[in-house]
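Colleague: Use these hints to put chain B onto chain A, whose structure you have.
Sequence lines, in order, name chains A and B.
Read left to right, the first sequence gives residues 1402 to 1709 (our numbering).
Read left to right, the second sequence gives residues 707 to 1008 (our numbering).
Check the hints yourself; a few may be wrong.
Taking lysine to aspartate or glutamate pairs in the DMTMM-like style, the calculated list, with each CA pair at most 20 Å apart, reads [as the list claims (entries may be wrong)]:
#1 Lys817(B) to Asp1418(A)
#2 Lys995(B) to Glu1583(A)
#3 Lys715(B) to Asp1587(A)
#4 Lys1416(A) to Glu888(B)
#5 Lys1667(A) to Asp1449(A)
Taking CB as the label site, the calculated pair distances span [to be verified]:
#6 Leu1602(A) to Glu749(B): 54 to 60 Å
#7 Asn1458(A) to Asp776(B): 44 to 50 Å
#8 Leu899(B) to Met1475(A): 52 to 58 Å
#9 Glu875(B) to Arg1671(A): 49 to 55 Å
#10 Asp1672(A) to Val719(B): 55 to 61 Å
#11 Thr871(B) to Val1492(A): 38 to 44 Å
#12 Val897(B) to Ile1415(A): 22 to 28 Å
#13 Ser714(B) to Val1552(A): 36 to 42 Å
#14 Val897(B) to Lys1509(A): 27 to 33 Å
#15 Gly914(B) to Val1656(A): 25 to 31 Å
#16 Gln994(B) to Pro1474(A): 42 to 48 Å
#17 Gln994(B) to Lys1698(A): 32 to 38 Å
#18 Val719(B) to Gln1600(A): 23 to 29 Å
#19 Pro777(B) to Glu1469(A): 42 to 48 Å
Chain B regions said to be covered by chain A (calculated; three or more residues, Cβ under 8 Å) [what the hints assert, rightly or not]:
#20 750 to 759
#21 829 to 836
#22 864 to 871
If you're looking for bench data, these hints aren't it; they were derived computationally from the structure.
Virtual Cβ for every residue (Gly too), placed ideally from N, Cα, C.
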Amino acid sequence: MEAEKKKETLTQAIKKDSSYYLMILPALIFTLIFCYIPMLGIAMSFKDYDFVKGFWNSEWVGMKHFIEIFHIPMLQKAVLNTVYLNLLSLVICFTLPIVFALLINEVKNGIYKKTLQTVSYLPHFLSWISVVAMAYSIYAIDGPINHLRAVLFGIPWEERTMYMSLQSFFVPNYIFLSAWKEMGWDSIIYIAAISGIDQQLYEAARIDGASKLKQAWYITLPGIAPTIVILLILKFGSMFASNFELVYGMQNAYVEYDVISTLVYKNGIRDGQYSLATAINLFQSLISLALIFIANKISDKVNNVSLW
Amino acid sequence: MNEFKMESKQYKVFYVFNIILLTAIGIVFLFPYLNIMAKAFNESADTALGGITIYPRKFTLENIRVVLIDPSIIRAFVISVLRVLIGTVIAVMIQFLAAYGLVKKGLRGKKGIIMFLMIPMFISGGIVPNYILYSKIGMLNNFMVYILPTAFSFYNMVVIRTYLTTIPESLKEAGRIDGAGELRIMWEIVVPLSLPIIATIALWTSVGYWNDWTTTLYYITNKKWYSLQYLLYSVIQESERIQSLMRDAIESGRDVTKIRVQTSPESLRAAQVVVTTLPILVAYPFLQKYFIKGIMIGSVKE
Chain A
1402 MEAEKKKETL TQAIKKDSSY YLMILPALIF TLIFCYIPML GIAMSFKDYD
1452 FVKGFWNSEW VGMKHFIEIF HIPMLQKAVL NTVYLNLLSL VICFTLPIVF
1502 ALLINEVKNG IYKKTLQTVS YLPHFLSWIS VVAMAYSIYA IDGPINHLRA
1552 VLFGIPWEER TMYMSLQSFF VPNYIFLSAW KEMGWDSIIY IAAISGIDQQ
1602 LYEAARIDGA SKLKQAWYIT LPGIAPTIVI LLILKFGSMF ASNFELVYGM
1652 QNAYVEYDVI STLVYKNGIR DGQYSLATAI NLFQSLISLA LIFIANKISD
1702 KVNNVSLW
Chain B
707 MNEFKMESKQ YKVFYVFNII LLTAIGIVFL FPYLNIMAKA FNESADTALG
757 GITIYPRKFT LENIRVVLID PSIIRAFVIS VLRVLIGTVI AVMIQFLAAY
807 GLVKKGLRGK KGIIMFLMIP MFISGGIVPN YILYSKIGML NNFMVYILPT
857 AFSFYNMVVI RTYLTTIPES LKEAGRIDGA GELRIMWEIV VPLSLPIIAT
907 IALWTSVGYW NDWTTTLYYI TNKKWYSLQY LLYSVIQESE RIQSLMRDAI
957 ESGRDVTKIR VQTSPESLRA AQVVVTTLPI LVAYPFLQKY FIKGIMIGSV
1007 KE
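Excised from the complex, chain A in its bound form (with noise of 0.2 Å):
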């Protein structure tokens, strides 16, 4: 009787509020679709996937392709390729954005201010093989940098580098990229946080006779840990991750460096290898999923912030 009564309020409920089941019903089918249908394809990482035999005819081999990864020395390399970039950013393009953000919030001239930040901002909205593309450009043989060599040192032609071809350069040209096209926008969540401690703070230094750089120092930096510390955690989450269109868009004939998420592509999509590329995503896709976990609990029991 009593479950009659639920079951009947439930359809009730449904053909009550069925309008806004509907409006919910299109993002459903499409993360249905889009979304839950290729994780199943997870499954693919432990058959011999084979395009003609398709999904379910595929045989199985287990752990194979698991056990496989390790014993392939280019995916070793991309794993470490990958840690060190994140590493790298970590330490300058991390830095970066909060050491910006306290140098302009000294600046007293407002349209200078609005200038720069305006300037600063512009290259987080071109597309990276823009930027890539301007990379080029600049240290083409034609172009500024070895211009500027020419008449500083008055190199040959013969002797211009194309500094995008070398492989010494591969990882400082990333760096410098990825800290070009995002230095300024990142520095934007640091402004508001220093936009928001309390003005109280200063005054009351002044009075105490601190200068300038100490209440940068022991006010502002304070006053915006809270925040560096959560974007700390999430870039912490992220060390497994790679800007694939960067390193993929950087390399070229003359410069090899593969980092996890390009080694997936040139094995899943350019060369056929369906099940090793699946595996190799979800050991990836697993480790990122870890330290994201890990990351929140050290956020909560250290600073009570909590991501979710």
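Modeller: Just chain B, lined up with the frame of chain A:
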């Protein structure tokens, strides 16, 4: 200003140094773009001699003209524009509808629905299962691959929903008393009030679609469906190869003065970068405003 005079000498030194440093940073931000503009509007053969900085030495519109009349570029431009227009309308519609539905208080199974929509944020099949799915449903080399898979975004939906919760229920109630259906209430009362958030999400989506080139890389092999950004990628690869060949030729001691002038792709490539990024530049004042607004909404935890 008085206050500034009171500051220590040390701070004044810092202040001057700071302005110089920031100006230098500003130049670094701006220079690449000015340089590419200068090259795009400079005679191709002249660019190859080197030394172009931030202004064209021999002004010409020829490079831009060549780029703009190239059939493959025109086609890719149209594809990219269509993707932005159609894709953005569909995405915003789906996300707004879902957000509207999920604002409803006491909706049965709301928690479960949100969970279902959220899980893919954390785990996904990756590009290979996507590729195989698209191949099975005929979406490889199909314009729809630009539109459908990215039509729903959980994050955007949450942002819209956060905004919708600020619209007072009493306004909708008034509509209901007048006997308006739910769709009419949404269309005539809620949508007009939500235009700021709709504009924000529409701009985010448009910029994302316009700038995307990996979808083409992964799922499109037919030139017919190339996007403008992907075309830029293939041009970079192409001209890099030509430059490399020339470099090798120089190193092996052959005379390349003639080839260099004829094949210098610099100015043409620059013109293509300008054409590819121009829509973004034109829209930049709006983008800046709405994107920053978006950051602030996004950082408010629900």
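Colleague: If a hint holds in the structure, say so; if it doesn't, say that too.
Modeller: Comparing the hints with the structure gives:
1. Lys817(B) to Asp1418(A): It holds: about 15 Å lies between the C-alpha atoms, which stays within 20 Å.
2. Lys995(B) to Glu1583(A): holds (17 Å)
3. Lys715(B) to Asp1587(A): violated (32 Å)
4. Lys1416(A) to Glu888(B): Given pair Lys1416(A), Glu888(B) holds - Cα atoms ~13 Å apart, limit 20 Å.
5. Lys1667(A) to Asp1449(A): holds (18 Å)
6. Leu1602(A) to Glu749(B): 54 to 60 Å: Distance hint for Leu1602(A), Glu749(B) holds at roughly 59 Å.
7. Asn1458(A) to Asp776(B): 44 to 50 Å: For Asp776(B) against Asn1458(A), whose Cβ atoms are near 46 Å apart, the range 44 to 50 Å holds.
8. Leu899(B) to Met1475(A): 52 to 58 Å: holds (55 Å)
9. Glu875(B) to Arg1671(A): 49 to 55 Å: holds (53 Å)
10. Asp1672(A) to Val719(B): 55 to 61 Å: Cβ of Asp1672(A) to Cβ of Val719(B): about 59 Å, so the range 55 to 61 Å holds.
11. Thr871(B) to Val1492(A): 38 to 44 Å: holds (40 Å)
12. Val897(B) to Ile1415(A): 22 to 28 Å: holds (25 Å)
13. Ser714(B) to Val1552(A): 36 to 42 Å: holds (40 Å)
14. Val897(B) to Lys1509(A): 27 to 33 Å: violated (43 Å)
15. Gly914(B) to Val1656(A): 25 to 31 Å: About 28 Å separates the Cβ atoms of Gly914(B) and Val1656(A), which means 25 to 31 Å holds.
16. Gln994(B) to Pro1474(A): 42 to 48 Å: Given a distance of about 46 Å, which is inside 42 to 48 Å, the answer is holds.
17. Gln994(B) to Lys1698(A): 32 to 38 Å: holds (36 Å)
18. Val719(B) to Gln1600(A): 23 to 29 Å: holds (26 Å)
19. Pro777(B) to Glu1469(A): 42 to 48 Å: The hinted range 42 to 48 Å holds for Pro777(B) and Glu1469(A), with Cβ atoms some 45 Å apart.
20. 750 to 759: holds (count 7)
21. 829 to 836: holds (count 8)
22. 864 to 871: violated (count 0)
The structure fails hints 3, 14, 22 (numbered hints given earlier, in ascending order).
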